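K.L.:
In order, the protein sequence lines correspond to chains A and B. Each residue of the first sequence is one higher than the one before, starting from 0 at the first, in numbering that gives the first Met the number 0. Each residue of the second sequence is one higher than the one before, starting from 0 at the first, in numbering that gives the first Met the number 0.
Please keep in mind that the hints were generated in silico from the structure rather than gathered at the bench. The structure displayed is predicted, hence computed values, not measured ones.
Taking lysine-lysine pairs in the DSSO-like style, the calculated list, with each CA pair at most 30 Å apart, reads:
id : chain 1 : residue 1 : chain 2 : residue 2
1  : A       : K208      : B       : K131
2  : A       : K193      : B       : K131
3  : A       : K208      : A       : K193
Listed below, chain by chain, are the residues.
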Amino acid sequence: MWEIRRFPVLWLLPALLPVALMTLYPVAYALWTSLHSVMLLFPGEPFVGLDNYARVIQSNYFQDALANSLAFTAAAAPLVVVLGTLMALFLRRRFFGVQVVRSIVLLPWVLPGAISAVLWIWVFHPSFGVLNGLLRNLHLIEGSIGWLTSPRLAFVSVVVAHVWTQIPFTVVLVMAALAAINPETLEAAAIDCKSSWRRFWYVIFPEIKAMIVVLIVYNALTAFTSYDLVYAMTGGGPGTATTLLSFQIWRESFSMYDFGAGSAVAFIVVLISAVLILAITRALPSDLFGSE
Amino acid sequence: MASVELRNVTKRFGAFTAVQGVDLSIRDRELVVFVGPSGCGKSTLLRMIAGLESISAGELLIGGRPANQVAAANRGIAMVFQSYALYPHMTVRENMGFALRMLGTDRGEIERRVRAAAATLQLEGLLDRRPKELSGGQRQRVAIGRAITREPDVFLFDEPLSNLDAGLRAQMRVEIARLHRQLDTTMIYVTHDQVEAMTLAERIVVLNGGRIEQQGAPLELYERPANRFVAGFLGQPRMNFVPLGGTGGQVAPWLELLAPPGRAATLGVRPDGFEIHAAPSAGTVPAEVVLVEQLGNVSLIHLRIDGLPDLLTVEQRDKSDLRSGDTVQLQPQPRRSHVFDNSGARIDWS
Numbered sequence: 000m001w002e003i004r005r006f007p008v009l010w011l012l013p014a015l016l017p018v019a020l021m022t023l024y025p026v027a028y029a030l031w032t033s034l035h036s037v038m039l040l041f042p043g044e045p046f047v048g049l050d051n052y053a054r055v056i057q058s059n060y061f062q063d064a065l066a067n068s069l070a071f072t073a074a075a076a077p078l079v080v081v082l083g084t085l086m087a088l089f090l091r092r093r094f095f096g097v098q099v100v101r102s103i104v105l106l107p108w109v110l111p112g113a114i115s116a117v118l119w120i121w122v123f124h125p126s127f128g129v130l131n132g133l134l135r136n137l138h139l140i141e142g143s144i145g146w147l148t149s150p151r152l153a154f155v156s157v158v159v160a161h162v163w164t165q166i167p168f169t170v171v172l173v174m175a176a177l178a179a180i181n182p183e184t185l186e187a188a189a190i191d192c193k194s195s196w197r198r199f200w201y202v203i204f205p206e207i208k209a210m211i212v213v214l215i216v217y218n219a220l221t222a223f224t225s226y227d228l229v230y231a232m233t234g235g236g237p238g239t240a241t242t243l244l245s246f247q248i249w250r251e252s253f254s255m256y257d258f259g260a261g262s263a264v265a266f267i268v269v270l271i272s273a274v275l276i277l278a279i280t281r282a283l284p285s286d287l288f289g290s291e
Numbered sequence: 000m001a002s003v004e005l006r007n008v009t010k011r012f013g014a015f016t017a018v019q020g021v022d023l024s025i026r027d028r029e030l031v032v033f034v035g036p037s038g039c040g041k042s043t044l045l046r047m048i049a050g051l052e053s054i055s056a057g058e059l060l061i062g063g064r065p066a067n068q069v070a071a072a073n074r075g076i077a078m079v080f081q082s083y084a085l086y087p088h089m090t091v092r093e094n095m096g097f098a099l100r101m102l103g104t105d106r107g108e109i110e111r112r113v114r115a116a117a118a119t120l121q122l123e124g125l126l127d128r129r130p131k132e133l134s135g136g137q138r139q140r141v142a143i144g145r146a147i148t149r150e151p152d153v154f155l156f157d158e159p160l161s162n163l164d165a166g167l168r169a170q171m172r173v174e175i176a177r178l179h180r181q182l183d184t185t186m187i188y189v190t191h192d193q194v195e196a197m198t199l200a201e202r203i204v205v206l207n208g209g210r211i212e213q214q215g216a217p218l219e220l221y222e223r224p225a226n227r228f229v230a231g232f233l234g235q236p237r238m239n240f241v242p243l244g245g246t247g248g249q250v251a252p253w254l255e256l257l258a259p260p261g262r263a264a265t266l267g268v269r270p271d272g273f274e275i276h277a278a279p280s281a282g283t284v285p286a287e288v289v290l291v292e293q294l295g296n297v298s299l300i301h302l303r304i305d306g307l308p309d310l311l312t313v314e315q316r317d318k319s320d321l322r323s324g325d326t327v328q329l330q331p332q333p334r335r336s337h338v339f340d341n342s343g344a345r346i347d348w349s
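Using the sequences and the hints, build the whole thing.
P.N.:
Structure below.
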């Protein structure tokens, strides 16, 4: 009588309970909050319908943050995937010290976002930064460049830092996909194709493209919801130059104490993320995952 | 079509030497089989010819031209791999035409050559399938077809039949032999299976420990093995080896019969080189039947001679009436006996 098929829900409960508690409840609570006026400074939590959403969408802050987040995603996700794939291809080669190089490439993975941010602040620091020092020593500049104080450069700087932190994961997954290719297939390609570019494009890429798509989706989501690194590097500034949507969630909730509005932004982020995933997967050929 | 010449070719992997100073000349249109046990360097040698492995020392010439520094794609070779190595995302047609497409051959010509190869290998109905929709035998045929469409100067086969079952292996063996006659091209074939080597080769090169032990026509190697290793490697069931040691000990009557030179250390007799008698006579040694394997057309009789470390295997035509525990009188046929010295080298005598 204790067969598994008799009480499927019962057997799944130990796994479902934490999921419900840790994920479904907060999401449901956030949805509830986004439909109510929840402000720490005012008593009561009256139902306001979609007012929070309307208010948030009309604000300039939100519109800037949305534009920044979309630009950040469009710049960072493809960069991470392209650079990560190139590195994975490079690290598959046999050369002296490859193990050491592999470890170094994976290093950003073990650093928490805030630590990476501190590291990059030192790289981009106008007076003591490594980058300005290097450019000065090469006599390419005389004064100093305000990498994190000029709006446009600050945006580029946070993209660079974000790409750096995300590359290791992409490298590992692409290397795993490459390792799954039959080595004799690669040798057959070496006999059939004269250039290594053709070998990659016609033989290797078709074998790893499913993984590449997964990585594009993953990196788009990571970039779109990025928070800690950017917050620690620029605090969203200068002005709103590096304010991303997730930063906006934090600002509405914990700076303005308007949890209703914060939750509304959060739900808009979820919605846009879903649209992003759908758009990316739809835009790609349907036989990617071998379902032909 | 091209000749292949190896001059003192060596391959080292760090401190390990996989191939040591191999000299070998393969004639245009010849089918040569490299055979040897695992780790003997036969695949490494083939991969050096293919350009998939660099050459540590020595010289390789394909069609008379130095090829050491020529990239694999420019050597005019085609290779059939053990795992077939088909491109999984391409159809059979695309797989077979891929190399030509990479060479910039026009579409009409590619289609013509693919169709011709498909007809030769009975693959016409499978051209639009992908590799995963094919059986092992079909995949191997596609791999061969892919090599044929290139019309290479030299075909290289790296244990192409190892992944097939016994029946299919025998069938594909015949097909490859037929293909060699039809294409009339230089072929180099690597296998650890001595039956494949014996049946396919015009010339067999036996390798061991990265060196060539002996090369020659299959029957020449079978009948006059240069040393104990070649004698033991070729032939199924393998040759019986009897240590002689001075007066010959238990098998002294055989020494009187065969009268080999005094430096003979080991006697080698193939399983079909013994005569079994019921009664003792000059030159016979008593042996006890341990096991009889009835294979239908032949019987394999395993015998023990007191004082010898290993059982002897004797092959008899047809069914055998012998049973375990019987005692028989065993005598080697002088013409089919080989003797080897202490170093394992063949001693010619008669």
